[in-house]
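Undergrad: Working from the sequences, and respecting the hints, build out all of it.
Number of protein chains: 2
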Amino acid sequence: MSEKDNKKTKYIGKQSIEFNDPPYIISASSVAGKKEGEGPLGSLFDVIQEDPMVGKDTWEEAESELMKQAAEKAIEKAGLSNKDIRYLLAGDLLGQLIATSFGVAELQIPFFGLFGACSTMGEAMSIGSILVDGGYADKVLAVTSSHFAGAEKQFRFPLDYGNQRPYSASWTVTGSGAVILAKQNCSNTSGPTIRVKGITTGKIMDYGIKDPMNMGAAMAPAACDTIKQNLEDFGVKPDHYDKIITGDLGYVGSDILIDLLKEHNIDISSNHMDCGKEIFDQEKQDTHAGGSGCACSAITFTGFVLKQLKEGKWKRVLFLPTGSLHSKVSYNEGATMPGIAHAVIVEAE
Amino acid sequence: MSEKDNKKTKYIGKQSIEFNDPPYIISASSVAGKKEGEGPLGSLFDVIQEDPMVGKDTWEEAESELMKQAAEKAIEKAGLSNKDIRYLLAGDLLGQLIATSFGVAELQIPFFGLFGACSTMGEAMSIGSILVDGGYADKVLAVTSSHFAGAEKQFRFPLDYGNQRPYSASWTVTGSGAVILAKQNCSNTSGPTIRVKGITTGKIMDYGIKDPMNMGAAMAPAACDTIKQNLEDFGVKPDHYDKIITGDLGYVGSDILIDLLKEHNIDISSNHMDCGKEIFDQEKQDTHAGGSGCACSAITFTGFVLKQLKEGKWKRVLFLPTGSLHSKVSYNEGATMPGIAHAVIVEAE
Numbered sequence: 001m002s003e004k005d006n007k008k009t010k011y012i013g014k015q016s017i018e019f020n021d022p023p024y025i026i027s028a029s030s031v032a033g034k035k036e037g038e039g040p041l042g043s044l045f046d047v048i049q050e051d052p053m054v055g056k057d058t059w060e061e062a063e064s065e066l067m068k069q070a071a072e073k074a075i076e077k078a079g080l081s082n083k084d085i086r087y088l089l090a091g092d093l094l095g096q097l098i099a100t101s102f103g104v105a106e107l108q109i110p111f112f113g114l115f116g117a118c119s120t121m122g123e124a125m126s127i128g129s130i131l132v133d134g135g136y137a138d139k140v141l142a143v144t145s146s147h148f149a150g151a152e153k154q155f156r157f158p159l160d161y162g163n164q165r166p167y168s169a170s171w172t173v174t175g176s177g178a179v180i181l182a183k184q185n186c187s188n189t190s191g192p193t194i195r196v197k198g199i200t201t202g203k204i205m206d207y208g209i210k211d212p213m214n215m216g217a218a219m220a221p222a223a224c225d226t227i228k229q230n231l232e233d234f235g236v237k238p239d240h241y242d243k244i245i246t247g248d249l250g251y252v253g254s255d256i257l258i259d260l261l262k263e264h265n266i267d268i269s270s271n272h273m274d275c276g277k278e279i280f281d282q283e284k285q286d287t288h289a290g291g292s293g294c295a296c297s298a299i300t301f302t303g304f305v306l307k308q309l310k311e312g313k314w315k316r317v318l319f320l321p322t323g324s325l326h327s328k329v330s331y332n333e334g335a336t337m338p339g340i341a342h343a344v345i346v347e348a349e
Numbered sequence: 001m002s003e004k005d006n007k008k009t010k011y012i013g014k015q016s017i018e019f020n021d022p023p024y025i026i027s028a029s030s031v032a033g034k035k036e037g038e039g040p041l042g043s044l045f046d047v048i049q050e051d052p053m054v055g056k057d058t059w060e061e062a063e064s065e066l067m068k069q070a071a072e073k074a075i076e077k078a079g080l081s082n083k084d085i086r087y088l089l090a091g092d093l094l095g096q097l098i099a100t101s102f103g104v105a106e107l108q109i110p111f112f113g114l115f116g117a118c119s120t121m122g123e124a125m126s127i128g129s130i131l132v133d134g135g136y137a138d139k140v141l142a143v144t145s146s147h148f149a150g151a152e153k154q155f156r157f158p159l160d161y162g163n164q165r166p167y168s169a170s171w172t173v174t175g176s177g178a179v180i181l182a183k184q185n186c187s188n189t190s191g192p193t194i195r196v197k198g199i200t201t202g203k204i205m206d207y208g209i210k211d212p213m214n215m216g217a218a219m220a221p222a223a224c225d226t227i228k229q230n231l232e233d234f235g236v237k238p239d240h241y242d243k244i245i246t247g248d249l250g251y252v253g254s255d256i257l258i259d260l261l262k263e264h265n266i267d268i269s270s271n272h273m274d275c276g277k278e279i280f281d282q283e284k285q286d287t288h289a290g291g292s293g294c295a296c297s298a299i300t301f302t303g304f305v306l307k308q309l310k311e312g313k314w315k316r317v318l319f320l321p322t323g324s325l326h327s328k329v330s331y332n333e334g335a336t337m338p339g340i341a342h343a344v345i346v347e348a349e
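If you read the protein sequences in the order shown, they are chains A and B.
Those letters in the first sequence? Residues 1 to 349, per the working numbering, in order.
Those letters in the second sequence? Residues 1 to 349, per the working numbering, in order.
No lab work stands behind these hints, which were simulated from the structure alone.
Misleading hints may appear alongside valid ones.
Pairs involving identical chains hold if they fit within one copy or between any two copies, as the list cannot separate such chains.
Unchecked claim - Subject to a maximum C-alpha distance of 25 Å in a straight line, what follows is the list of computed BS3-like cross-link-like pairs (lysine-lysine):
no.: 1; residue 1: K310; residue 2: K77
no.: 2; residue 1: K262; residue 2: K328
no.: 3; residue 1: K315; residue 2: K243
no.: 4; residue 1: K210; residue 2: K153
no.: 5; residue 1: K328; residue 2: K153
no.: 6; residue 1: K77; residue 2: K14
no.: 7; residue 1: K243; residue 2: K14
no.: 8; residue 1: K228; residue 2: K56
no.: 9; residue 1: K197; residue 2: K315
no.: 10; residue 1: K77; residue 2: K328
no.: 11; residue 1: K34; residue 2: K56
no.: 12; residue 1: K34; residue 2: K307
no.: 13; residue 1: K210; residue 2: K56
no.: 14; residue 1: K307; residue 2: K243
no.: 15; residue 1: K83; residue 2: K313
no.: 16; residue 1: K315; residue 2: K83
no.: 17; residue 1: K83; residue 2: K228
no.: 18; residue 1: K83; residue 2: K14
no.: 19; residue 1: K328; residue 2: K228
no.: 20; residue 1: K197; residue 2: K77
As the structure is a prediction and not an experimental result, all values here were calculated from the model.
TA: Shown next, in the form of structure tokens:
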């Protein structure tokens with residue numbers, strides 16, 4: 001961490017930043033779909049939308065509405081108004097981010113659109129933290145969404161086909177999660193304060209996986225690389241974190257991640273958690289490899305992880321949403337599925 | 001600009017940042033397609049690719065190759081290697097940014113994927129400047145691309161249809177432009193140094209336009225809003241800038257922009273320039289409303305605008321790429337086309 005001596009240099013190691021003035025997470029919201037509401041974390045979400053169309057005419061509009069509700073809920077919970085938010089950082093899985101554009105347009109907040117596939121919440125929280133730590137904003141809003149039906153239509157098969165899904169396939173989470181990052185701890189909740197202490201930004205990793213029904217395998221190498229780099233950059237061991245929380249590797253990808261890290265003599269088997277494994281009951285809910293989508297990590301983080309930190313059950317976590325950077329077109333053209341993972345260090349004080 | 005008194009606060013007005021330590025543009029590159037090479041700016045581009053497939057098998061791979069070449073060219077021109085670049089900020093128009101992911105994966109630079117449609121170069125240079133000014137990076141690379149054939153396939157009709165295009169339709173630019181932003185002026189070129197003095201980040205503006213063959217009309221309100229806000233936030237008049245340079249409003253959108261600003265008593269008719277109008281010869285090249293696409297503003301900026309600043313012809317410009325936030329799906333579902341524009345103040349010293 002020698003660069004830290006120079007106050008103007010805020011980065012450390014190869015790919016990380018340690019914040020001088022770690023941003024506070026002053027508010028968070030989770031809007032979940034019906035199936036997510038019926039899962040193990042169901043009771044923790046702010047809102048459960050029983051109607052998959054959320055009162056709209058299309059899946060895409062439904063997803064926009066989920067994002068709008070999550071953004072507004074986070075602002076409302078913080079006792080703020082739209083005008084208090086300096087930047088909005090958001091993204092989703094749909095081509096040209098239409099769930100986002102139509103979801104957040106009305107908020108009229110200066111907007112940076114982000115795409116990191118299912119890693120987008122990590123990307124949004126990373127850039128959001130930089131904006132706040134650097135003095136470019138007092139408060140920023142990071143929000144992502146996904147919708148099972150919209151994602152199936154976008155990436156796989158029309159729902160009406162009723163196609164069979166292999167056990168390595170994941171189930172896209174319907175929902176949206178939002179956090180507000182702030183310079184001052186103006187949270188109106190009691191308990192410990194929650195801060196983003198640092199980030200490790202991922203590189204694109206491509207191990208040649210081509211099966212969109214096995215995204216866990218495509219993303220595991222990226223998660224491995226980001227975790228390895230985080231530990232190296234900060235000079236810590238895996239047990240520095242109470243939990244190392246991947247986004248949506250699911251059952252297949254999580255096993256691969258643990259094996260890949262063992263090749264580097266890094267053992268995270270005792271403190272690894274994957275949002276994709278937590279959000280559904282694999283047996284009862286027929287969700288095969290687990291949950292996925294931008295909302296998988298977003299609502300698990302806002303609904304579950306933050307509460308564990310608030311309640312003092314965990315003190316420090318490494319949260320790293322994972323994304324598979326493929327499209328219907330790239331898949332049909334025979335391209336591989338590169339992965340990426342963006343890590344955020346979140347601590348309770 | 002009262003907030004400036006507090007050194008920790010770097011933002012001004014409603015939507016702008018004035019950099020304390022303005023990043024230097026130390027290198028830039030432009031890779032253009034054949035048609036762009038035959039246009040009025042043809043002699044200014046670093047590379048002209050005569051082959052629309054750039055030696056690849058698909059339009060998408062061709063676009064990835066353009067971006068890879070632009071990124072590598074900018075790094076090479078600066079006498080740097082990939083390892084010297086702390087962050088890569090990039091995006092394109094294709095669903096799930098596949099031109100970008102496959103184009104930059106090999107560079108192995110920590111990567112933030114961005115989507116602002118054709119405004120992406122403004123977004124990438126904005127976030128890149130924040131990273132450098134804030135001390136989070138010594139050098140960052142911002143790159144965007146587009147490809148005529150890939151965009152037609154994505155948004156409109158297969159080329160083989162040979163469909164007629166209305167005069168309000170724009171022609172997507174084939175190419176890729178890249179800039180390297182740096183903390184130190186380590187440019188190895190002579191002449192004035194070029195710095196990013198500030199940014200104004202756009203909000204999503206939706207005036208209800210629904211015709212993807214008239215994107216200029218969809219984007220003009222966003223350009224109007226960002227310019228108006230920039231002038232207000234910095235407390236300056238339009239003649240503060242030698243040029244106010246929009247991305248790809250084209251002939252139709254540019255006229256609308258000038259009219260919209262006049263309603264606010266702002267007259268930019270004497271110093272407005274639009275990259276979409278500059279890049280093609282409207283009459284000889286049958287390009288109707290002008291050029292568009294992420295590469296339109298990117299290569300016009302890197303190939304033409306920066307040279308005008310370097311040669312002392314202009315001293316200060318407001319560069320604001322403009323984007324139309326629609327997709328094939330949103331269009332087919334009858335949705336509107338919201339627009340966004342991200343402004344960057346670039347000065348020669």
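Undergrad: Would you pick out the hints that fail for this structure and give their numbers low to high?
TA: 2, 8, 10, 15, 16, 19
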